[in-house]
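4 protein chains.
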Amino acid sequence: MTEKCGVVGVSLADRAAARPLYYSLYALQHRGQESAGIVTHDGFQQHSRVEMGLVGDVFDEGDLDSLNGSAGIGHVRYPTAGGVNNCCAQPFAVSFKSGSLGLAHNGNLVNADELRDELEGMGHAFTSEGDTEVIAHDLARNLLEEDLVRAVKRTMGRIHGSYALTVMHDDVVLGVRDPEGNRPLCIGEVEDGYVLASESAAIDTLDGDLVRDVKPGELVVLEKGGTGFDTYQLVERDHTAHCFFEHVYFARPDSVIDDTLVYEARRDLGRALWEESGVETDVVMPVPDSGRAFASGYAEAANEDATTDDDLVEFAEGLMKNRYVGRTFIMPTQDERERAVRLKLNPIRSTVEGKSVTLIDDSIVRGTTSTQLVDLLKDAGAEAVHMRIGAPPIVAPCYMGIDMASREELIAAGGETEDVREAIGADSLSYLSIDAVADALSSTRDDLCLGCVTGEYPYDIDGEPSDRDVTRPDVGTEAAPADD
Amino acid sequence: MTEKCGVVGVSLADRAAARPLYYSLYALQHRGQESAGIVTHDGFQQHSRVEMGLVGDVFDEGDLDSLNGSAGIGHVRYPTAGGVNNCCAQPFAVSFKSGSLGLAHNGNLVNADELRDELEGMGHAFTSEGDTEVIAHDLARNLLEEDLVRAVKRTMGRIHGSYALTVMHDDVVLGVRDPEGNRPLCIGEVEDGYVLASESAAIDTLDGDLVRDVKPGELVVLEKGGTGFDTYQLVERDHTAHCFFEHVYFARPDSVIDDTLVYEARRDLGRALWEESGVETDVVMPVPDSGRAFASGYAEAANEDATTDDDLVEFAEGLMKNRYVGRTFIMPTQDERERAVRLKLNPIRSTVEGKSVTLIDDSIVRGTTSTQLVDLLKDAGAEAVHMRIGAPPIVAPCYMGIDMASREELIAAGGETEDVREAIGADSLSYLSIDAVADALSSTRDDLCLGCVTGEYPYDIDGEPSDRDVTRPDVGTEAAPADD
Amino acid sequence: MTEKCGVVGVSLADRAAARPLYYSLYALQHRGQESAGIVTHDGFQQHSRVEMGLVGDVFDEGDLDSLNGSAGIGHVRYPTAGGVNNCCAQPFAVSFKSGSLGLAHNGNLVNADELRDELEGMGHAFTSEGDTEVIAHDLARNLLEEDLVRAVKRTMGRIHGSYALTVMHDDVVLGVRDPEGNRPLCIGEVEDGYVLASESAAIDTLDGDLVRDVKPGELVVLEKGGTGFDTYQLVERDHTAHCFFEHVYFARPDSVIDDTLVYEARRDLGRALWEESGVETDVVMPVPDSGRAFASGYAEAANEDATTDDDLVEFAEGLMKNRYVGRTFIMPTQDERERAVRLKLNPIRSTVEGKSVTLIDDSIVRGTTSTQLVDLLKDAGAEAVHMRIGAPPIVAPCYMGIDMASREELIAAGGETEDVREAIGADSLSYLSIDAVADALSSTRDDLCLGCVTGEYPYDIDGEPSDRDVTRPDVGTEAAPADD
Amino acid sequence: MTEKCGVVGVSLADRAAARPLYYSLYALQHRGQESAGIVTHDGFQQHSRVEMGLVGDVFDEGDLDSLNGSAGIGHVRYPTAGGVNNCCAQPFAVSFKSGSLGLAHNGNLVNADELRDELEGMGHAFTSEGDTEVIAHDLARNLLEEDLVRAVKRTMGRIHGSYALTVMHDDVVLGVRDPEGNRPLCIGEVEDGYVLASESAAIDTLDGDLVRDVKPGELVVLEKGGTGFDTYQLVERDHTAHCFFEHVYFARPDSVIDDTLVYEARRDLGRALWEESGVETDVVMPVPDSGRAFASGYAEAANEDATTDDDLVEFAEGLMKNRYVGRTFIMPTQDERERAVRLKLNPIRSTVEGKSVTLIDDSIVRGTTSTQLVDLLKDAGAEAVHMRIGAPPIVAPCYMGIDMASREELIAAGGETEDVREAIGADSLSYLSIDAVADALSSTRDDLCLGCVTGEYPYDIDGEPSDRDVTRPDVGTEAAPADD
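Chains as they are written, first to last, in UniProt numbering: chain C, 1 to 484; chain H, 1 to 484; chain A, 1 to 484; chain S, 1 to 484.
Extracted from the complex, chain C is given alone in its bound form (with noise of 0.2 Å):
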C-alpha cells in the first residue's frame, strides 16, 4: 500500500526556490520513491529537471545550481511497475499562449478520460496517459480568456476526483485542494516566504511555521516575492471527504494535517483498540515501524486500567527490521525464501518464547506479511499471537490516489474477521472500529472518504456505489470555447 505523490511550491523573496524544494522534497520522500522533479521560473522563464530516481539521486549540486529562479514546485511520486517510458514524473511542464505552466498533483481524477476525449476533440495531443497532462490542458485553455483565480475556478468546475495541486502559471505559485479535501495539503512560513506542501514535516525541514490547512475547494495564490499569499474559496461543499488513511498510514509522524497531529491520533487510536479489543498477554509488541505509536497508546491505555505492578503489560520489540534490505537485494532462490522474510525482519527469541502476544499493527491488506509475522513468531515459540489493528478491515480498493490492491487481492473484502483470523494463523484478531477512527480524528463518517472500509465512496466513480450524492460535472458545458 503506497501513497501516490507528493507535491511542494515556495515563493520567496530573492533566495534560489531549488534548495528549499529540494529539502522539502526530502521530507516527503515517504510520499513516492519513483520519480522527482523541480521546476522553477526566474521571471524569465522555466527551469525543470524531472527524473526517475530518489530526491537524492536525482539532483547534484550542478543541477540545484542551474534552476533559477526564488519560485517554485516540487513532486515526488510512487514506484509503480516499469515500463518502457518514464512517462508520468512530474512537475508537468508545458508552454502555452499565455506563458508556460508547471503542475504537481497527488490525487487520482475520477473522469480524467471523458475530459481528455473532449479536450482531443478539440485538437489536442497528449504526451502522457497521466491526469496531470489533462489538467495541465484544461488549464492552459481556461487561461486563453479566464485570469487566472476564473480560470482554476473553471478547471476546478470541469474535474472531479482527488486531488492536492502545486501549479505554477510563470512565476506564480498557486496551491489548490479538492472541494472535499481528500488529499492533504498545507500554507507555511519561512523566513522570506511561503510555502505549500503536502505535509507540514516539510515546512518544519524548511525551519518554517505552519500557517494551516488550504481548505476544501481553496486556491491560494503565494505573492511573487513571498510577500505573503492570497486565498478563494472558489468550490463549497457541506461535507469534506479527507482520507483517514492519510493519518493511519502514509503520513509522517511529525506532519499536522487538517489540524490532528499524526502522531498523536495514531496513539489515540492505539488508546482506542485497547478500549475496543483489549487482550490480557504477556507482552505488547509493534510490527516496526508501522505499529510502534499505536502499540505505545494501546500499552499506556492498558497500563492506565492496570491495578497492581503485575497488571502492567511488558512492551517490547520483538521483532527487528534491517534497514539495509532495499532496491539492489538479489531474491533468495524458492527454498532460501523462508530466510529472506528473517533478513528483513527477524524474531527476538527471548522476547518471544513461552509467552503470548500481542501483536499490533496499522492495517491488514493482502495478509501476506501479518502471516508471515504470525509464523515468525510462533517459530521463536510464542505460545500465542494476538493482532490489533489500528484501522477498519479494508474491503474495497481506492480510487482517489492510492496503490492499495484489487478488491480480490484484499484478504478482508470478502468474508468475516474470523476468516481473515483463521488465515493468517493467529489466534485472536481485532480491528477498529469506524466511529473509532473518526473520534481519533476529531471528525465524523460524515466528513471522512471510507471507501476503503465500506465500499461506498464520497465520489461518483464509474460501478460503485456513492455515500453521498455527487455527480460529475458535465465536462464539456464549461468547455472554454477558446478558439471561436
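By construction, these hints were calculated from the structure, which means they are not laboratory data.
Any given hint could be a false lead.
If you anchor each label on the Cβ, the simulated ranges turn out as follows [unchecked claim]:
no., chain 1, residue 1, chain 2, residue 2, range
1, S, Asp117, A, Asp42, 17 to 25 Å
2, A, Thr307, C, Ser356, 24 to 32 Å
3, S, Ala384, C, Gly62, 37 to 45 Å
4, H, Arg445, S, Ala384, 40 to 48 Å
5, H, Gly53, C, Glu314, 53 to 61 Å
6, C, Asp57, S, Met52, 18 to 26 Å
7, C, Asp305, A, Glu353, 50 to 58 Å
8, H, Gly53, A, Gly455, 52 to 60 Å
9, A, Asp42, S, Asp57, 26 to 34 Å
10, C, Ser442, A, Glu51, 49 to 57 Å
11, S, Met52, A, Thr444, 38 to 46 Å
12, H, Asp14, A, Thr333, 56 to 64 Å
13, A, Glu275, C, Asp310, 43 to 51 Å
14, C, Gly225, H, Arg445, 53 to 61 Å
For each residue, glycine too, the CB sits at the ideal point set by N, CA and C.
Following the hints, position chains H, A and S against chain C.
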C-alpha cells in the same frame, strides 16, 4: 559543424521492428550523438524508449524486447550545449483523438514560431521548444477531419523549411521529404519489408537494397506487413535545394544520396581541386579522417597529369589521430593546451620534416583546427603548408538544420581568402568553386541549397536574402477548423 | 562511532556458499558499509569478489553464480575518510607454497608494526597498510612447516590485540577469537552445514540455530562438507576483555553475544538507569533508534515504581527520523545548516511543548548530536530536557577496532559531568555507572574491556596504562624459521 | 590479436607527474583497454589509482589531483575474457623493508612459475597470478641487501622472457628492457624532466623529444627532479629479439621504435609486397584502418612501375568502418549475423562492382575477418579479390606477451598458403617473406623474434624449439639470502 539528426522507419511482415531500427540507428550514429530513440506500434499500442546518449548506451536487450510491433521509427540527435532538460530527444510521441502519432524529424522549420503561435491560440500547450512537437500538433489537428494523405498534405502546406520526416500514425509508417528536398531520405527494401532512412548506409546494414531517394515533396506510406509502399507527390517545385554539405561532410562515404555516392562525390571534388588549384609539393596529406577521400582524388588526378615518375606525388598520412580521445577526457591545464592537440592529432615528423606539404580538408568553419594543424606541421619541420579545401568558403550560417557557427565565428564570413590564409598561417590556401561542387554532384546551382557559401537562401528566412522566389505559407488560412 | 567490521564463514554439504554468505553479510551490514567481500573455494581454486560499496551494490546474480564452492568466508568494512586506494577491503586472499589463504578480520592488532617489520626483514612485501595482510603473511609462513592447528597457534602467540577472524585455508574454513574475546564470534548450525559469524542475527537469517559463542582463545575448524566442527583451546587467560559497547551500541538488538541478548541487555541498562538516576518528568523520550530499548526499560522500571495512575510515565516518540537521508544528500549551505538537522530528525511539537522531557540515549561521544537534540527540543517548546545515558562517560579512545574519536574530541574526556551538561545545554545529565554495565551483561569489571570509560586497557598499548598484567609477545622468538 | 600492455614513467622538476602520466597513457590506450593505473610518489609516500576500464573512465580530475608527487609510473592493460577478479591490473605496488616499489610490466616471463615456487618456498604469499608480482617480490628481496642497480641486475639474472618495465623505488623512476629487447621502451625529454614510454608517440603527446630507445639489457634511472638520467648496461647479448609485429600491427604509426618509424616501415612493407607479389587489378583497397599504410606503399610502388597513365592503379577505399560500434553493442540474432558484419564494415558498391580488387591487410590470424571481407566484396559485385598481406603467415602462438590465438585457431598453422586462400575464398593470396620484413625494419633474421612465423623462439619455452642458444637461469643459485 554537426548534422542535427538522422531518421529511420521500418515496416516488416512479422519480425519485431526494434532490432532493425536499432541497427539502422547505429549506422546513422554519425548524424547525432546526443540522444537516441525508437517508437514502435504493435497494432494495439505504442511503445517507446527515448533517452540521452549514444545508441549503444540507450538501449539494452530488455529495451529492444519490450519495444513490440513490426512497425516503428527511430531517431538520433546531435549534441547541444548542455541544458537542464532533455527537451528535444525524439521521436516525439503523442496520443490524440484519432490514435497515436510518432514523429522523427531531420531539418529545421523556418516558420515554426508562427505555427506555434497559431496553435497556442487554439489552446494547444507544448512540452518542448522543438519544431517536431509543432508538426505533431498540426498533423494531429488535421487528422481530426482529413484522411492521412490529405492531413499530411495540409500540414506540408503550412510548414516551411527543411524536413525529412519519418512518421508513425498508429502502426502505419510514413516518410515525407520537404518540397525542396533539402535533407536526404531514401527508401530501401529488405527481405521481409521496407525501410526509410536518412542515408542508404542504414539500409545496407540491414542487408537491404536501396530502392530510390524519396522525391522532394513526396509522401511515402509503407504498407502494413511490409508488403510494399505507396507514394503521393503532394507538392511540386521547379527546383530542388539539396544540401551539398551532406556530400561534402555529413553523410557516410558509403551512402548514396540523390543518386550520387558520397565517396565518389568527394573523390571528384578532390580531382576538381587539383584541376582548379593544384600545387606541386613534396607530399599530399589528408586531414584524417575528413580529408581522406578528397586527398585521394586529388592525388590521383595529379598522378594522371604526371609525365615522369618523379612527377608522381607522394601521398602520405602525416597526422595520426588518437581514436580514444572521447567524452570523458580531462582537459589539460592552460600550459598543457598545446600537448592536448598532439594527443588528438600527432604529426609524423619524418613524413613532414623539410618538405613542402599539401594539406587537404573538406572545409574550414571557424579556422581553429586549420590553424592548429598548420602549426603542428610547421613545428614538425614542414617547409611550407599549402591548404586545399574541397568546398567553397563558408560565409553565412545554416538555417536548415546544421549546427555550424554564427556569422561572427565564421573565419571566411568577413573577408578575402588571403585574410583566411594569413590567419591560419598557411603558405597558400585555395577553396573549391561553387560550380565545381555542382558538377561533382551532377547538379546545378539552382538545385542546391548554397546558403552557407553565398548568403542567399532557398527559403524565406527573416533578415536574410533569398536566391529564389519563395514565400512562407500563411499558416492561418489552411488551418483545419477542427472543433467547429 | 562506528564498528570496524563484520565477518562470516560457512561450510556446507553441497550447496554453493555464496548466497548464504551474501545473506549473512546483509545481516551484518550495520557493522560496515564501506566495502564487502566474499571469497570461496571449490576444492580446486579460490574465487573472490571484494569491492567498495554496500553488500547490495557489490554483488549481482552473476557474481554470486561465479563464486563457486560450498566453503567460503565474507567481510563487511566500515566507512573511512576517502583515500585514493581501496586498500583494505577484505577478505584478504593470497596464494602461497601450501595453497591459498583467505582472511577476514574484525578487530585491531596492537603489535602489527612490529610483526610487519620482522616479516619485511625476511623479505616480505606488502600491498596494503592493513593488519590482515600481516596476519596472512605470518600464518602462511607458519604453514610452511606446521600443520594448520599448530600454525594458527604459533600465529596467535605472535599477534597481540583484538581479533575475531574467519579464515579459509584452501577449502577449510576456520574461526579464531583472540584470547581476551574482545570482538564477538559465534558458531551456528544450518540444515546442511555450519556457520561462523560476528553476530547470531546472521545465523538467524540463514534459518539456522546458534550453537554457542566461540570461546576466547579458541580455534574452530569447520569440517569440509558441513558435517561438523572441531575446536581447539589454543590459548587460555584468567580473564576475558569483552567489549561492552557491542551490547550498548554496535550489535543488532536481536543478536545474542557472549550469552546475553543485546536487546535484553539494553532494556536492563535502561532499568538500571531509572534506578540510578531516575527523574520525574512529563514524558520519557528515546533518541531514535539508538535510545529506544534503553528508554523502554527505563519507562517500564519507572512504571513499576508508580503507585498511582498519575505516576505512570508517558513514553512517547518526540523526534522523528527521516530514513531517506543518505549518502547522496547535498549538504545545505551555512545558513541552511539548522534546517538540515531538522531534515534528519524533526521534533513533534505537541509531545514536547510545555513539557519537561527525559531524553534517553545510549552514549555521548563528541556531544554534537546531543547538543543539537537538546536545542531542537527546547526550540519546540520543551520546558526542561533531562538527558539520561545508558553507558558511562567515554573518556578515552578505543584501540580495539572501533572508530570512536580522538581523546581531544571526546566531550567527557577532560572534565566533570557537570561540564558536559552545560556544554550540551541539558537541565540535568546522568550517565550509568560501570558496575551497572557489568551487572546488565552478567559480567564483572575484570572480564570487560573498559578502556574507553576508564582509560586503562586490557592490552599493552604504547603510551596507555593497562588495567591488568599483559605484555606483547616478542614476535621474533616464536617466528617460524621458514627457509632455513 | 592484441598487445598486452603499455608502460610509462616520468620524473619532473616540480610539476605533478599525474597529468603527464594520464596524457601519455591516453596516447598508449591502443596497447591495452582493460585496465589503467598510475602510481606516484611525493617523496614521503606512494599514491595509486588502478582500476578496470579505459584511461578516460578510470581517472577523474579529483583522482589526478590526489596523485601527488613529481615522479610516477603508469600502465594500460589489454582486455581478457571476463573473470571475477581484476587480478592483474597494474602498476603493482608494494611496501617492504626498504621502502615502496611500483612496477608496470609489458611482456611475458617464461620462468615465472619457477621463480614463484622458489619465493613461496621462502615464505612469500602472492595476491595475484601475474608475472609482475613475482618480479616485485624478487626485486624487493634483492633490495634488502643490494643497492638499486645491483638488485635490478640480480633480478634480471633470474627472470627469463620478454619485459619492458617501468619501476618506481620510492620516488626514483627506472626503466628496464629485457636483454633481447623484445618489447619496446624509449626515453624522452620534456621541458622539465624525463620520460620513459613503450612508444615515442606518448612522448610527442607531452610535447617532448625522443632521446633514444632503451637498449636491450639496459637499466635507465631517471634522476629525481627531472635533471637527467643514468644508464647501466646490465646484461649484454650478441643478438636482439625485437618483436616485428610491433611495427606490423601493434604500435601507432607515428611511433619510432628501435630507430624505425612505424608508418615508414609499413609503407616499405607495402612496397615490398608489390615487388614480391604485385598483381594488376582495377583497384587497390586497404582493409581499414590496419591495411592503409601498407596499401599506400603498395600503390605508390605500383605507380612507379607504371609506364602509362592507364597503368596507374586506382587506390580507393571500398570498405567503410563504423567507428561507433563499441562495447555496449547488442549482438544480432543468428539470422541477423550477416547484417552485423555490414554494420561494422560496409562495402561501397560502386568502387567494387564489376572490378577486380587487390585487398591489402597487415596479417591474417584466424582468418574469420578475411573470409567475411572477401565475402562482402564479392556480394558487392567484385569480380575477383586478390588478397595481399604485409607479413608472413602466422604459424605458431606468441609466448612473449601478445594475445594472438592458440595454434589450433591459426588458419595458417597447419598448411599451405593455397589452403588458406581457399578457406577465405580469395582469388589469390600472397604473404610477405620474412626477409622482406627484416629489410623493412633495417634488421636481420637473427635480431628479430620470429616465433610466430617460424615456430622457433629466441627463448627457452617448454615444449617449443628455440632458434638460438638460450637457457633459463637457474633461479635458485642467484637468490638473495635475505634473512640470514
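Against the structure, the hints come out as follows:
Hint check: Asp117(S) to Asp42(A), Cβ distance near 23 Å, so the stated range 17 to 25 Å holds. For the pair Thr307(A) and Ser356(C), the supplied restraint of 24 to 32 Å holds, since their beta-carbon distance comes to about 27 Å. In this structure, Ala384(S) and Gly62(C) break the distance hint of 37 to 45 Å, their C-beta atoms being roughly 59 Å apart. Remark: the range hint 40 to 48 Å for Arg445(H) to Ala384(S) is upheld by a beta-carbon distance near 41 Å.
At about 58 Å, the beta-carbon gap between Gly53(H) and Glu314(C) stays in the expected band of 53 to 61 Å. At about 24 Å, the CB distance of Asp57(C) to Met52(S) agrees with the hint of 18 to 26 Å. The supplied range of 50 to 58 Å is broken by Asp305(C) and Glu353(A), whose beta-carbon atoms lie about 27 Å from each other. Checked against the given bound of 52 to 60 Å, the beta carbons of Gly53(H) and Gly455(A), roughly 58 Å apart, stay inside it.
Evaluation of the 26 to 34 Å hint for Asp42(A) and Asp57(S) yields a pass: the beta carbon distance comes to about 32 Å. Checked against the hint of 49 to 57 Å, the pair Ser442(C) and Glu51(A) passes, with Cβ atoms roughly 53 Å apart. Checked against the hint of 38 to 46 Å, the pair Met52(S) and Thr444(A) fails, with Cβ atoms roughly 52 Å apart. Checked against the given bound of 56 to 64 Å, the beta carbons of Asp14(H) and Thr333(A), roughly 59 Å apart, stay inside it.
Under the hint 43 to 51 Å, the C-beta atoms of Glu275(A) and Asp310(C), about 19 Å apart, miss the expected range. The beta-carbon spacing between Gly225(C) and Arg445(H), approximately 59 Å, falls within the hinted interval of 53 to 61 Å.
Hints 3, 7, 11, 13 from the list above are not met by this structure, while the remaining hints are.
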